[in-house]
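There are 6 protein chains.
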Amino acid sequence: MKPKVYVTRKFHFSASHRVYNPMWSDEENKIIFGKCSNPGGHGHNYELEVTVAGSPDTHTGYVIDIGKLKEMIEKEVIEQLDHRNLNTDVPFLQGRIPSSENLIVALWDHIACLLPPEVELVRLRLWETPRNCFEYYGEKL
Amino acid sequence: MKPKVYVTRKFHFSASHRVYNPMWSDEENKIIFGKCSNPGGHGHNYELEVTVAGSPDTHTGYVIDIGKLKEMIEKEVIEQLDHRNLNTDVPFLQGRIPSSENLIVALWDHIACLLPPEVELVRLRLWETPRNCFEYYGEKL
Amino acid sequence: MKPKVYVTRKFHFSASHRVYNPMWSDEENKIIFGKCSNPGGHGHNYELEVTVAGSPDTHTGYVIDIGKLKEMIEKEVIEQLDHRNLNTDVPFLQGRIPSSENLIVALWDHIACLLPPEVELVRLRLWETPRNCFEYYGEKL
Amino acid sequence: MKPKVYVTRKFHFSASHRVYNPMWSDEENKIIFGKCSNPGGHGHNYELEVTVAGSPDTHTGYVIDIGKLKEMIEKEVIEQLDHRNLNTDVPFLQGRIPSSENLIVALWDHIACLLPPEVELVRLRLWETPRNCFEYYGEKL
Amino acid sequence: MKPKVYVTRKFHFSASHRVYNPMWSDEENKIIFGKCSNPGGHGHNYELEVTVAGSPDTHTGYVIDIGKLKEMIEKEVIEQLDHRNLNTDVPFLQGRIPSSENLIVALWDHIACLLPPEVELVRLRLWETPRNCFEYYGEKL
Amino acid sequence: MKPKVYVTRKFHFSASHRVYNPMWSDEENKIIFGKCSNPGGHGHNYELEVTVAGSPDTHTGYVIDIGKLKEMIEKEVIEQLDHRNLNTDVPFLQGRIPSSENLIVALWDHIACLLPPEVELVRLRLWETPRNCFEYYGEKL
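Residue numbers (the numbering used here), protein chains in the order written: chain A, 1 to 141; chain B, 1 to 141; chain C, 1 to 141; chain D, 1 to 141; chain E, 1 to 141; chain F, 1 to 141.
Calculated directly from the structure, the hints in this document are not laboratory data. Don't take each hint at face value.
[Said to hold, decoys possible] Some, not all, of what chain B presents toward chain D, calculated at C-beta under 8 angstroms: (1) SER14; (2) ALA15; (3) ASN45; (4) GLU49.
[Said to hold, decoys possible] Below, simulated DSS-like cross-link-like pairs (lysine-lysine); rule was C-alpha separation at most 25 angstroms, straight line: (5) LYS35/F with LYS140/F; (6) LYS140/F with LYS10/E; (7) LYS4/D with LYS10/F; (8) LYS35/C with LYS75/A; (9) LYS68/B with LYS75/C.
A quick note: this is a predicted structure, and the numbers were derived from the prediction, not measured. In this text, a Cβ means the ideal position worked out from N, Cα and C, and glycines have one as well.
Given these sequences and hints, build the entire structure.
Printed below as a string of structure tokens:
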């Protein structure tokens, strides 16, 4: 039996979004979403924490090469989000309201596919502001 | 089946307390609690993280309107703690030693009652200083 | 002679912007501004630090009532920036490229007018991301 | 000519205070100071930054041994403030309203006397909360 | 039944290490570990969070006296790591590659032995940089 | 006359060093430098803030393209420091004790030469730990 260690890398991206339901009028959106549905949109510096779990390799002492994890997520995920408009520019968000809840669930499938077999994705944590945070563990209700 | 997402909002309040057992003498309190039982009291900038879990609503993309969560907790909880003396000024701490452990357990019941039915309270995290942190998940031993 | 003390209050707002020169084509803008000129825009969580200087009042011990400073700046400044599009929604930025440099200079005049006579505005500091910061002291070159 | 380098050490202490003028009634204090004059008091985790300037010594490369600076300030200053009531427990604040403005000015004289001759005290910075900051450079108006 | 509360204390230490497998040549190490195997080594400011769980004592309101936990861990653990070379200076790391994964697993056994019976060790969290984090819960795979 | 705006970019690197004077014995070094002269060395996560000043360009709204500043400093400065041993691996520190004071003075000349003519270097700030900070403004005593 080998120890199970959790490894987290934190990423940063800046993006804009408008939280609104396109089926509703601007007025209805304002009642439900308040200033978050302002038609010009607004934006955030998002912090994304990706956590994987596995056992340290006997020869390297690593669960995963965190430098390679960093490069892969930056190229395949952050590049698609950084300095983008989440309503219009991100293929895997098309047709979804870009709330942080929907974003984190969409990111789960996107990231899980990228990982090497020796680790499993166990947690995503997304800070929308320094005071608002969203977590997803792949659980269903 | 729908994804279960965890939503956290961070709050801030400044309060004073004296950690001591009123059944004991000042000397006995000093032996057990050290400088924390200094009769004049001391204080902290507390950070409180409230985490709820639920599924994103199909029409809004939200688990909960985090703006409304913020307003409710600020009005019903933070108002009672901010710029207060935890030994004398807080109704739901009456008769308890205001350690962070007792505070977080008292906050659980207080906050759980306030939440709408579509979410459940899953974690409270209380930072007493940037180096001391307390968590409660509603578990019993 | 009385001591001169500097008092700083930190504010937070989330906004979107597109950095581009409307006199240029999208291609020219891309050459000069790179991803910052992406037509859909992007956004940030800005932190704004407002610093004023003065002498502590003999009767209150305050240079300024920081609670009142907070309320005034939030109402007169942050309300106009938070959850807005800096290209289209902010009256005092009309006709300017919404770079952080131009934003901080525009904010100086706006804030200086609001302050009571017993203090002077001495520094604005604007964090665009946790790694990019802009300061203005009202100096001219 | 030798380079002038600024060296800063950050300290932490937790204290309680009540901001009020003892010449006034509780009601008058409440009008002027609001919740900060709540009779039970409140408290903060203060961060104090002490900055000295001097030239790096040829033999050590140090402006000052920051480990010794730390020990001296902790023993002579922080010990008197940590887990104390600023209204009643701190000798050098006797008779002053314990606002952060008055505290930082009192600390200046206290700290300046402690420093070795090869450095000069150039700045004190006191964070009362993560959003409220006070600075003093020894200047008079 | 009594509430189960989690108490965390954060520690800091500065250390150097070189991540390499002594069975391999410098070139092989460079291929696998990149700049982390630079022969001169490099270093980090590590943050270590120790989390224990238990029930608040009826007489003190404490799960554990966090001041005593702090002193014990600083004396028995941090003293052995702070301002050390993790490859050569730390007895409990002898013969292991000093990756953060191996360090956190070695720390688990070391810390678990030190704790009083009324609490159990439930989580170690080690920040190697502000962006790289490692967690261990004592789990085996 | 045009406004003078200060632009800061924050960089990160991890390095090891041993603070000692090679003219002295290990014992003499231990008396002067304490644990900082431990022969195996130790290390830090350094944060370096580079501040330049200038006027916003009329056509771009920028004092400097902060993205290009970032790339230049990362390539010419951070590459030489990150994951290095400051005693042995950094050409511009050869023959100097790698204290943070000496490092920041050496960095000044190195960085000043790299900057385009439209800005001037006005401040370097180096965090050695979250509690120890060094600043240099190019001043001489």
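Comparing the hints with the structure gives:
1. Interface restraint check for SER14/B: the shortest CB-CB distance to chain D comes to about 5 angstroms, inside 8 angstroms, so the restraint holds.
2. Hint status for ALA15/B relative to chain D: holds, with the closest Cβ pair at about 5 angstroms, below 8 angstroms.
3. A cut of 8 angstroms between beta carbons decides the hint on ASN45/B: the least distance to chain D is about 5 angstroms, and the hint holds.
4. Hint status for GLU49/B: violated, given a least beta-carbon distance of 14 angstroms to chain D, over 8 angstroms.
5. Of the pairs offered as hints, the one joining LYS35/F and LYS140/F is violated, with about 30 angstroms between alpha carbons and a cut-off of 25 angstroms exceeded.
6. The hinted pair formed by LYS140/F and LYS10/E fails the criterion: a straight-line CA distance of about 40 angstroms is larger than 25 angstroms.
7. Taken as a hint, the LYS4/D and LYS10/F pair is honoured in the structure, with Cα atoms around 22 angstroms apart against an allowance of 25 angstroms.
8. In summary, the hint linking LYS35/C to LYS75/A is supported, as the alpha carbons are separated by about 15 angstroms, within the 25 angstroms threshold.
9. A distance of roughly 20 angstroms separates the Cα atoms of LYS68/B and LYS75/C; the hinted pair therefore holds under the 25 angstroms criterion.
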